[in-house]
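**Q** Model the full structure from these sequences, guided by the hints.
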Amino acid sequence: MNLNVNSVDSLVAEIQGLSGSTQDVNHLNNLLKQSEDVIRSQAATFASCLTRLDASLHSLGYLYVLEACTAGPIPEAQANELVLSVVRFIDMCSVEQIRLVPDKFISVCKRLHEQVMVLGAPMRAVAPLLTAIRKIQLSSEHLTPLHPDFLQVCLSAKCYKIGYSILEDDILEVDQPRDFFLYCYYGGMICIGQKRLAKALELFHNVVTAPMSSMNAIAVEAYKKYILVSLIHLRQFSASFPKYTSSVAQRNLKNFSQPYIELANSYSTGNISELEAFVQANQEKFENGNNLGLVKQVVSSMYKRNIQRLTQTYLTLSLQDIANTAQINTPKEAEMHVLEMIEDGEIFATINQKDGMVRFLEDPEQYKTCEMIEHIDSSIQRYDIRIAKNHETVKEADNNGRIYVM
Amino acid sequence: METEEEAYGQMTDEIYSNGGDGEALSQQQQRRPIISGEQLDIEAYAALYTDRTKISRLIFIADKCDNVSMQLEALRMAYDEIKKGENTQLFREVVQKIDGRLGPNYGPDSGWMDAVDRRAEQRKEKLENELNAYRTNLIKESIRMGYNDFGEFYYTHGALGDAFKNYVRTRDYCTTAKHIIHMCLNAILVSIEMGQFAHVTSYVSKAEQNKNDLDPITIAKLQCAAGLAHLEAKKYKHAARKFLETAPELGNNYSEVIAAQDVATYGGLCALASFDRAELKAFLSFIAKVIDNINFRNFLELVPEVRELIHDFYSSHYASCLDYLGNLKANLLLDIHLHDHVEMLYTQIRNKALIQYTHPFVSVDLNMMANAFKTTVAGLQKELEALITDNQIQARIDSHNKILYARHADQRKATFQRVLQTGVEFDRDVRAMLLRANLIKHDYNLKASRKI
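Chains as they are written, first to last, in the working numbering: chain A, 1 to 406; chain B, 1 to 452.
It cannot be assumed that every hint is accurate.
DSBU-like mimics (lysine-lysine), calculated; alpha carbons at most 30 Å apart, straight line [claimed, not checked]:
no. : chain 1 : residue 1 : chain 2 : residue 2
1   : B       : Lys441    : A       : Lys135
2   : A       : Lys195    : B       : Lys413
3   : A       : Lys332    : B       : Lys382
4   : B       : Lys374    : B       : Lys64
5   : A       : Lys135    : A       : Lys195
6   : B       : Lys140    : B       : Lys178
7   : A       : Lys158    : A       : Lys304
8   : A       : Lys354    : B       : Lys402
9   : B       : Lys441    : A       : Lys395
10  : B       : Lys382    : A       : Lys296
11  : B       : Lys441    : A       : Lys254
12  : B       : Lys352    : B       : Lys234
13  : B       : Lys441    : A       : Lys104
14  : B       : Lys441    : A       : Lys243
15  : B       : Lys402    : A       : Lys304
These aren't lab readings, by the way, just hints derived from the structure by calculation.
**A** Below, the structure written as structure tokens:
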């Protein structure tokens with residue numbers, strides 16, 4: 001039996017008729033697939049179907065038509081309307097039905113992303129794309145092709161917090177390496193926005209050390225940011241790669257990010273004026289890489305690095321001496337830095353304002369409290385689960401390996 | 001064990017007396033005047049060496065020395081020395097350096113040069129003919145001699161690269177172990193002159209393979225050469241070992257490379273700079289006790305300053321030890337082999353002294369310590385800061401009260417911290433690993449699907 005696509009009416013009737021049981025929907029899917037070309041070639045005609053279909057009940061049919069409508073170039077005048085209808089559809093569509101044709105759903109969402117960018121209103125796509133991810137995602141460990149789009153939209157709209165919410169899921173399954181690279185890169189940038197530098201570092205690290213057979217621009221940019229974030233967060237940077245890094249990356253990454261490597265070298269000397277001079281001289285390069293902001297953070301983290309080193313060496317030190325050794329202009333500024341660091345829990349110290357003395361203390365944590373024990377306990381359990389899962393994956397890979405061999 | 005404790009106790013006592021009491025310090029210094037403060041006596045220095053190294057050392061002094069009269073003195077002696085030999089190339093260099101400042105007697109003697117060059121030309125021709133004759137007759141021993149003669153010829157004329165090549169070429173014609181050792185010694189000599197210390201190491205080990213045929217003097221020579229190579233490679237510990245093992249039979253037998261005094265100086269400084277506490281103790285007690293067959297003691301007697309400074313270091317008279325070092329410095333900087341390493345060795349010795357000083361205490365008064373090290377409190381604080389950051393001293397400075405407190409790590413706390421840290425790292429690594437496994441799997445799938 002062929003689908004009757006001679007007129008709008010007949011198509012609507014067919015879709016409405018076959019949107020009931022799972023069996024019917026599957027059947028409808030086959031039928032629609034056969035007449036895909038026809039729908040696409042006459043997209044303009046069939047666009048009127050959309051008003052007569054219910055997005056939640058007839059999601060599958062709706063999706064086919066919507067995809068056909070959005071496939072071609074869209075005049076600017078209609079962009080707004082289109083965005084509205086896609087957003088409505090994403091909100092209402094039925095999960096079971098759209099999962100039959102994930103490709104179509106994803107391409108519609110990607111069109112949404114494009115259109116909001118054209119309209120200059122990335123904010124409008126933030127919530128719909130998050131919903132879309134949740135609907136298409138098989139499990140929270142699954143990376144969908146929509147992840148990078150969502151994160152990019154969040155970045156453009158500066159909605160770091162909502163973007164960060166999906167970064168908290170542990171992604172373990174990846175279909176497309178490119179999606180994964182972009183996910184980590186944009187994710188890292190969102191983490192920087194949220195000041196979650198450890199997480200950002202982890203994400204960039206994933207890109208840099210990912211298996212790859214040829215160089216790609218995402219890895220290069222991620223490596224640059226990795227260097228900067230490592231300097232800001234860890235106050236040091238080790239130029240050696242872990243041994244599992246692909247040989248392509250080990251050979252080429254450094255060549256592509258020369259000024260950044262030099263910046264790290266200059267940082268390790270602990271000399272602020274030298275670092276500032278270097279940044280000044282290479283300002284253009286950093287600006288072109290859109291990293292100037294981070295580079296400036298690197299410079300200011302240098303003060304903190306110098307102060308932190310003092311805590312290992314001194315028990316008491318006057319603010320004046322801190323200013324001198326850490327190359328800070330005035331004792332007042334030094335006090336501000338120390339105060340900030342105490343507040344952030346980076347160092348343990350007390351400032352005596354009467355004689356301008358800072359007393360550095362040891363970490364007061366005694367690891368004796370109930371909370372600490374609980375924290376350790378829960379960590380152990382989490383790692384336990386992780387080990388079990390790891391074991392499973394390895395076993396599975398082993399099975400797969402045998403299949404490949406055959 | 002008991003004696004060790006005793007020595008320890010004694011030592012700390014002396015630190016107090018040394019650091020705390022300025023008067024006692026000055027008295028001590030009066031008792032033991034420091035000898036080697038004066039300028040280097042070039043003539044006496046040069047007399048220790050022979051051959052080419054004498055000339056290169058003199059030229060080196062002239063290059064490094066700021067004192068014009070000393071410079072000219074060195075150049076004059078170098079000039080005289082070269083005139084005895086046949087090295088016209090070096091002669092031209094020295095004449096250029098003198099630049100007429102020593103009067104007409106020390107000008108470019110072209111007559112002499114021409115004569116030497118002509119003679120050299122003839123000799124070379126003769127050697128070539130001889131060698132060709134030997135080669136056609138295929139007499140191994142003669143060929144070896146021929147190459148050896150060539151090596152010597154080039155060496156005296158200053159063509160070190162060619163000399164080295166010819167010496168090494170004799171290797172194919174060596175028939176006895178003696179020959180091999182001879183070849184190695186020649187190669188080592190030329191390599192040291194060229195500054196190719198990598199060759200030195202390899203030829204030393206080659207020579208040492210023929211254990212049975214080595215006489216004590218040769219062993220001592222090889223040890224010196226190896227020591228120099230290690231020194232040059234900044235492996236001070238190995239260098240110290242080699243120099244300390246050198247047998248006193250060396251005497252003046254290796255004056256074309258090194259003087260006995262140098263063995264003491266190099267060995268002593270390297271040992272101070274690189275040995276850890278236990279090693280240093282073994283080394284010091286072995287010098288302190290008068291045992292008949294100690295090699296190094298005999299060398300040390302030649303350079304009393306080094307002996308004194310080692311004793312001072314051992315008995316924790318750091319101020320006087322550092323004084324000796326300071327006085328020696330100017331002369332050591334004029335030494336061709338030690339020049340590049342003086343600064344580094346000095347810093348290491350000083351750091352070692354600082355570490356050793358602080359080691360036994362729970363708290364140290366910085367004023368007292370600065371006294372003992374003849375420096376200001378601020379300067380000392382800087383030095384200590386560097387050492388603490390390097391984790392060489394486990395202590396923290398109370399800059400308010402100028403006291404250094406030893407820091408005892410809280411094992412329990414550190415363990416907890418490490419455990420938590422390791423947990424976080426493990427979690428992250430496993431996650432990253434799973435991801436990578438996934439990506440690799442994807443790559444597999446892709447390849448598989450392409451094949452189909």
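**Q** Hint by hint, say whether it matches the structure.
**A** Status of the hints after comparison with the structure:
no., hint, result
1, B:Lys441 with A:Lys135, "holds, 25 Å"
2, A:Lys195 with B:Lys413, "holds, 28 Å"
3, A:Lys332 with B:Lys382, "holds, 23 Å"
4, B:Lys374 with B:Lys64, "holds, 28 Å"
5, A:Lys135 with A:Lys195, "holds, 29 Å"
6, B:Lys140 with B:Lys178, "holds, 15 Å"
7, A:Lys158 with A:Lys304, "holds, 28 Å"
8, A:Lys354 with B:Lys402, "holds, 19 Å"
9, B:Lys441 with A:Lys395, "holds, 13 Å"
10, B:Lys382 with A:Lys296, "holds, 29 Å"
11, B:Lys441 with A:Lys254, "holds, 27 Å"
12, B:Lys352 with B:Lys234, "holds, 17 Å"
13, B:Lys441 with A:Lys104, "holds, 25 Å"
14, B:Lys441 with A:Lys243, "holds, 19 Å"
15, B:Lys402 with A:Lys304, "holds, 24 Å"
Violated hints: none; the structure is consistent with every hint.
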